[in-house]
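S.K.: Take a look at the letters that make up each chain.
2 protein chains.
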Amino acid sequence: MSKSQDLAICLVSGGMDSLVTAAIANTKHERLAFLHLNYGQKTEKRELKSFHDIAEFYGVPESHRKIIDVSFLKQIGGSSLTDDSINVKNYEGDKEVIPDSYVPFRNTHIVSMAVSWAEVIGAKKIFIGAVYEDSSGYPDCRPSYYKALNALIKEGTKDGDIEVITPVILMKKEEIVKKAVEMKAPLELTWSCYSSEDKSCGICDSCALRLRGFQKAGIEDPLPYHQRPKYI
Amino acid sequence: MSKSQDLAICLVSGGMDSLVTAAIANTKHERLAFLHLNYGQKTEKRELKSFHDIAEFYGVPESHRKIIDVSFLKQIGGSSLTDDSINVKNYEGDKEVIPDSYVPFRNTHIVSMAVSWAEVIGAKKIFIGAVYEDSSGYPDCRPSYYKALNALIKEGTKDGDIEVITPVILMKKEEIVKKAVEMKAPLELTWSCYSSEDKSCGICDSCALRLRGFQKAGIEDPLPYHQRPKYI
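Chains as they are written, first to last, in this note's numbering: chain P, 1 to 232; chain Y, 1 to 232.
Okay, chain P solo, but in the shape it has when bound (with noise of 0.2 angstroms):
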């Protein structure tokens, strides 16, 4: 399959849905510009640090390299990652329940900061490595809002063609870690954990999350913890 000529934007964290999203718009696009959000969080250096690492390997220059500060997201607080005053709580793999990690609407506000960058340097699709498995319910994470999402940049856009692209998010994390692998994508590159950033914890709801993805797909996680619990 020829590579689209079209500008891609991918929505880069520095985690691995996002690596593995980047992995799979490289596939498809010739040319790719990535976007970073800062908005607080206690490990942004760390996640920073991996956001460029990505775009280093798949050939991004740094002219399609932006991060924004979105600490607004701070004002509004009602947040463990962006309100200092709230610890990260460990995960307690109970889906129904919103954590405390919960931004109102946080996938929305990244979501058009990607829109109003793809007006300004013409890009036409928005990859992001929003997970619906593993959301712990959170509401901007299923395929419904995203489909909405969608009718929404189709009306709010000059010419209505911008269109927002979630390729992992029907996957489980254990297949995420294997198509990572399977891709040869740089799964040491990543940082997912909140709470640390010379080794991960091992034990926030992020590191479990990962850590049980990558014991279940059987494959090591080549990142350094401080504690490696057994999640399954």
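None of these hints come from the bench; they were simulated from the model.
Be careful, since some hints might not be right.
List of simulated lysine-lysine pairs, DSSO-like, C-alpha gap at most 27 angstroms [unchecked claim]:
hint : chain 1 : residue 1 : chain 2 : residue 2
1    : P       : Lys124    : Y       : Lys74
2    : P       : Lys74     : Y       : Lys158
3    : Y       : Lys74     : P       : Lys66
4    : P       : Lys154    : P       : Lys124
5    : P       : Lys147    : Y       : Lys147
6    : Y       : Lys74     : P       : Lys49
7    : P       : Lys154    : Y       : Lys172
8    : Y       : Lys74     : P       : Lys158
9    : Y       : Lys66     : P       : Lys74
10   : Y       : Lys3      : Y       : Lys124
11   : Y       : Lys74     : P       : Lys74
12   : Y       : Lys124    : P       : Lys154
Chain P is already provided as a structure; the job is to place chain Y on it using the hints.
M.R.: Below, chain Y without anything else, positioned relative to chain P:
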């Protein structure tokens, strides 16, 4: 009609459209919260004064006023309102041309702030003074855009019960002026000019729209102007 006890958020830029929108919200809700976005526009300081003046007028306590810095829009560029290198162009009266002051997908960013805040404070309605007639081709001022946005909010929020209301969207500017007078809303506290903060310039597209509205309504604009051309 008795007022709803539900808390309602009003997006208040400081202009006439948001004034009338707030006045209408005030007739329907016992408790209002005012949200102002500072997206780095040239006349922000003056608009913020109008925001607080209007909040005082409607008895909105300081605890229910929020100002969010959305200067990330500057980093996206592509607009004379947020990019200092582009001059504000005069209004051409051509609705088919999307003006330089267009921030791509701007209203989605703005409403998303309100939705996030609504989730945090428990507000169920969000009033925004979008006006289709003088939208100069902004796609995100169309009624169909707000219909799609409400569908998205239903999908992307915890309880799916937050609604955006656009009470002046189908009004012409002169109807907004007349409505403000009829509702005894304080037009003298508003600010519309994009270019100047001491007196309104009278010639930027926003001043032209405003003055045309007053002139068609046969009402004198209470604001001071550097010049006050006849637009009709």
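S.K.: If a hint holds in the structure, say so; if it does not, say that too.
M.R.: Taking the hints in turn, this is what the structure says about them:
Only pairs whose Cα atoms come within 27 angstroms are accepted, and P/Lys124 paired with Y/Lys74 is accepted, the gap being roughly 21 angstroms. Restraint check for P/Lys74 and Y/Lys158: satisfied, since their Cα atoms lie roughly 19 angstroms apart, inside the 27 angstroms limit. At most 27 angstroms may separate the alpha-carbon atoms for a hinted pair to count; Y/Lys74 and P/Lys66 meet this at roughly 12 angstroms. As the CA atoms of P/Lys154 and P/Lys124 are separated by approximately 11 angstroms, the hinted pair is consistent with the 27 angstroms bound.
Simply put, P/Lys147 and Y/Lys147 have alpha-carbon atoms about 14 angstroms apart, close enough for the 27 angstroms limit, and the pair holds. Restraint check for Y/Lys74 and P/Lys49: satisfied, since their Cα atoms lie roughly 24 angstroms apart, inside the 27 angstroms limit. Among the hinted pairs, P/Lys154 with Y/Lys172 is consistent with the structure: their alpha-carbon atoms are about 25 angstroms apart, no more than 27 angstroms. As the CA atoms of Y/Lys74 and P/Lys158 are separated by approximately 19 angstroms, the hinted pair is consistent with the 27 angstroms bound.
For the hint pairing Y/Lys66 with P/Lys74, the CA-to-CA distance comes to about 12 angstroms; that is within 27 angstroms, so the pair holds. With a C-alpha separation of about 14 angstroms, the suggested pairing of Y/Lys3 with Y/Lys124 holds against the 27 angstroms cut-off. Between the alpha carbons of Y/Lys74 and P/Lys74 the distance comes to roughly 19 angstroms, so the proposed pair stays at or under 27 angstroms and holds. For a cut-off of 27 angstroms, the pair hint linking Y/Lys124 to P/Lys154 stands: about 26 angstroms separates their Cα positions.
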